[in-house]
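Asks: So you can see what is in the structure, the chains are spelled out below.
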Amino acid sequence: MPVDLGSPTREPHPNFYDNRRGAHGFGVNGHVNLTFHGPTLKASYVDLEGNALIEEEWQAVGGNVELAGQRVICHDADFHVGPEMVRVTLQNQIDESSTS
Amino acid sequence: MSQSGRLVHERRQLHDLKDLPRSAALSQLRQAAEATSPPNYPPEALFAPAALVTWVRTYLAYVFHKKHYFPEYTASPCAAMYALADERGGDGVRISIAGDWGTGTDEAQCVARQMVKFEPHFTIHIGDVYYVGDPPSVNENCLGIKNPNNNYDPVTWPVGSVGSFALNGNHEMHANGGGYFEVFLPGLGLRTPGGMTGQQTSFFCLQNHYWRMIAIDTGYNSIGVPILSGIPWINSIPGIGGDCELPAPLLKWLKEMVRPEEDPRGVILLSHHQNYSGFQDQYAKPAQQLWNAGLQRRVLWFWGHEHRLAGTT
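Line by line, the protein sequences give chains B and E. All residue numbers in the first sequence are consecutive under numbering that gives the first Met the number 0, ending with 99. All residue numbers in the second sequence are consecutive under numbering that gives the first Met the number 0, ending with 312.
Keep in mind that a hint or two might mislead.
[To be verified] FRET-style restraints, in silico, Cβ to Cβ:
(1) B/R70 - E/Q279: 24 to 30 angstroms
(2) E/I239 - B/R70: 41 to 47 angstroms
(3) B/G37 - E/E255: 16 to 22 angstroms
(4) E/D90 - B/R70: 42 to 48 angstroms
(5) E/N150 - B/N50: 31 to 37 angstroms
(6) B/A22 - E/I239: 29 to 35 angstroms
(7) B/T39 - E/Q295: 20 to 26 angstroms
(8) E/I144 - B/H36: 36 to 42 angstroms
(9) B/E48 - E/A283: 34 to 40 angstroms
(10) B/G81 - E/D90: 16 to 22 angstroms
(11) E/A24 - B/D75: 37 to 43 angstroms
(12) B/D75 - E/R296: 53 to 59 angstroms
(13) E/I239 - B/G5: 26 to 32 angstroms
(14) B/G5 - E/I144: 33 to 39 angstroms
The set of hints was computed from the structure by calculation and includes no laboratory data. Source: prediction; values computed, not measured. Cβ atoms here follow ideal geometry from the backbone N, Cα and C, with glycine treated the same way.
Looking at chain E on its own, in the form it has when it is part of the complex (with noise of 0.2 angstroms):
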């Protein structure tokens, strides 16, 4: 308990990311009230003037930076091409996902030890850190460091036998992406005895004889004009509202790398967005953009961002 009375969780609630709207401003809002009241901020530090205080000199501060540069597949030894296999090369591999899962929460942890019981050869996050993927999100919610700005228990993304990558979300790229890339990744990609290979871009794929996982990253461009792309109407305009267009680095790595139109093995995409719901809205271009890039037939698609377990055909 609080001197208040007030019962202190060790990490973040659940409920504090209830209807976290898929806004950056607001995002920032909220990470800035917890700040500013820490343990287990209530609701109404969102209008304390520390709150609105830091708020504002953190969106201006997304809003006049520029995106975090898009790696292109030459910044990876491998040209972002992985063996899908174990420790001993063999097709035998198990590899575990979760979606949405920087929250920093108790749940976040059981998930994660749910993940090691699999004993996996890979984890692969597919993207969203909370609430807004800056580094110290990231180190508080992904890498178990804790944050300066808060009392939270940190908690620790779990990292397979062979290796871990992660995908970017529209959460990391309300910071800019800064931290995705420049904190997440470099701790990423294979084991080796002298540490992690780093992750070196926001795109990959794992392939062996049969498969071809291929990870596309739907949320470097999820994100549309700073405040225009929140007003309804005016965020259908093109240009203004983020439709997770894929980058043009990404399409020449599919191009020159994948070449999806000469190969007969099976592929599984994993996404952050949804291609199509039942239930929210839906992000068609990526799929486009796969279709022209000669991925022609039946996949089997793994996407998080929709906060639920559904299955399609």
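So here's chain B without its partners, still in its complex pose (with noise of 0.2 angstroms):
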């Protein structure tokens, strides 16, 4: 803190960064909270209001550590979301649909 603001400026660029500014001039993001449940671990990005802004589900498979999924909660514009994580996402979406 206080929390920077600015674009990726080298690789690797990031799938998602949030580049919003507060009203005291610096970014908003504060932690995250993590759930475990059995292989499954939900992680959940919240900013200094309690705003939940991104959520992913990973698994414990045969030592690795996998994404499951990601679901974008803030759609500010300054919050940054790239075409690989869309991709995620809309995997993520199509297995859903397809279980349901």
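Reconstruct the complex from the two isolated chains, following the hints.
Replies: Listed below in structure tokens is the structure:
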């Protein structure tokens, strides 16, 4: 802290980053909450106001940790989401629809 | 309002920490300036004679003192291996993690409040207590104890219902690690009826049937040779600039207790410094060491130091 702002300047570019500016002139992200249930881990990234921004689901599979899905909750124009993340989210939705 | 008509805040302001250099000398100068003109010191306080005298005294004390010794895993009754479980031993566990939190600002208090709402079993701070993580800074910014050197209200780190841990950052090492190892860690660890057990080491593992959360200390060797490490080009000479090399006792713990090459559980890494970044410096050394220690698979890694939310695959 204070939370920095700005766009990535080098590789690797992030799949998502929060570039929202608060009233104090700095960034507004806060902390991450993790919830474990068996081999499943849910991560929820929360800002200073207590708003969840992105939720992820991870699985422990054969010694590796695999991303099972992501859900973008914040749709602010300064909350940047890259194409890789969109692909994972869409894939997750496809998986959900195929099982329903 | 103060007598001079200036608006006086009850806590340190984010602007006081703006562009804080990652250098022990300049972090010590910020702290000295604040101490000589509390509260809400103006920028010109950096050049006040009293601030400069205090800075020279504290900075030289830092330069000519050794780093705090690095505790081995044998200092911990459980060899720094803890159960990732709720109060009843179940695996439905909630953990709340924040980094670069130890600022003593209203925003830090706000984050602490948000973390408590989650009702976490564990809370973990992944490093950096400002300005220099010395005992008064840890007391003021983490333990809710007023700093006699200023007039700010202190902030308290939220402890989970089962326990709480903290990692070492570069700012803690700007005071040689004394505040972190001697003041912060004794109040952490697991909750017991008699109080907190203390966190004896700056590295630890939380584990259950499916997961291992392995926390490493990248802060201890993040500061290079005083003065020289702040000079571009010169600080790229091996041994001059800090490279976040994991200390030998931590590698010994990985080899003797964690033994990652033999373990089939999913691994979540925690560290203060980033392995890579799209925004600023990268620290590759710890990952190389982890690989050499047998951790050769896909992990989920949370780190701080960058002061921003970003996710990279």
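Asks: Indicate, hint by hint, whether the structure satisfies it.
Replies: Evaluated hints:
The given range of 24 to 30 angstroms is respected by B/R70 and E/Q279, whose C-beta atoms sit roughly 28 angstroms from each other. The beta-carbon spacing between E/I239 and B/R70, approximately 45 angstroms, falls within the hinted interval of 41 to 47 angstroms. Between B/G37 and E/E255 the beta carbon distance is about 29 angstroms. The supplied range of 16 to 22 angstroms is therefore violated. Evaluation of the 42 to 48 angstroms hint for E/D90 and B/R70 yields a failure: the beta carbon distance comes to about 23 angstroms.
About 32 angstroms separates the C-beta atoms of E/N150 and B/N50, a value consistent with the hinted range of 31 to 37 angstroms. Between B/A22 and E/I239 the beta carbons are some 41 angstroms apart, a value that contradicts the proposed interval 29 to 35 angstroms. In this structure the hint that B/T39 and E/Q295 lie 20 to 26 angstroms apart at CB holds, the actual value being about 24 angstroms. Between E/I144 and B/H36 the CB atoms are about 37 angstroms apart, so this pair conforms to the stated range of 36 to 42 angstroms.
The hinted window of 34 to 40 angstroms between B/E48 and E/A283 holds, with their beta carbons roughly 35 angstroms apart. Evaluation of the 16 to 22 angstroms hint for B/G81 and E/D90 yields a failure: the beta carbon distance comes to about 33 angstroms. Checking the proposed 37 to 43 angstroms range against E/A24 and B/D75 shows it holds: the Cβ atoms sit about 38 angstroms from each other. With their beta carbons about 35 angstroms apart, B/D75 and E/R296 fall outside the hinted range of 53 to 59 angstroms.
Between E/I239 and B/G5, the C-beta spacing of about 28 angstroms keeps the proposed range 26 to 32 angstroms intact. The given range of 33 to 39 angstroms is respected by B/G5 and E/I144, whose C-beta atoms sit roughly 35 angstroms from each other.
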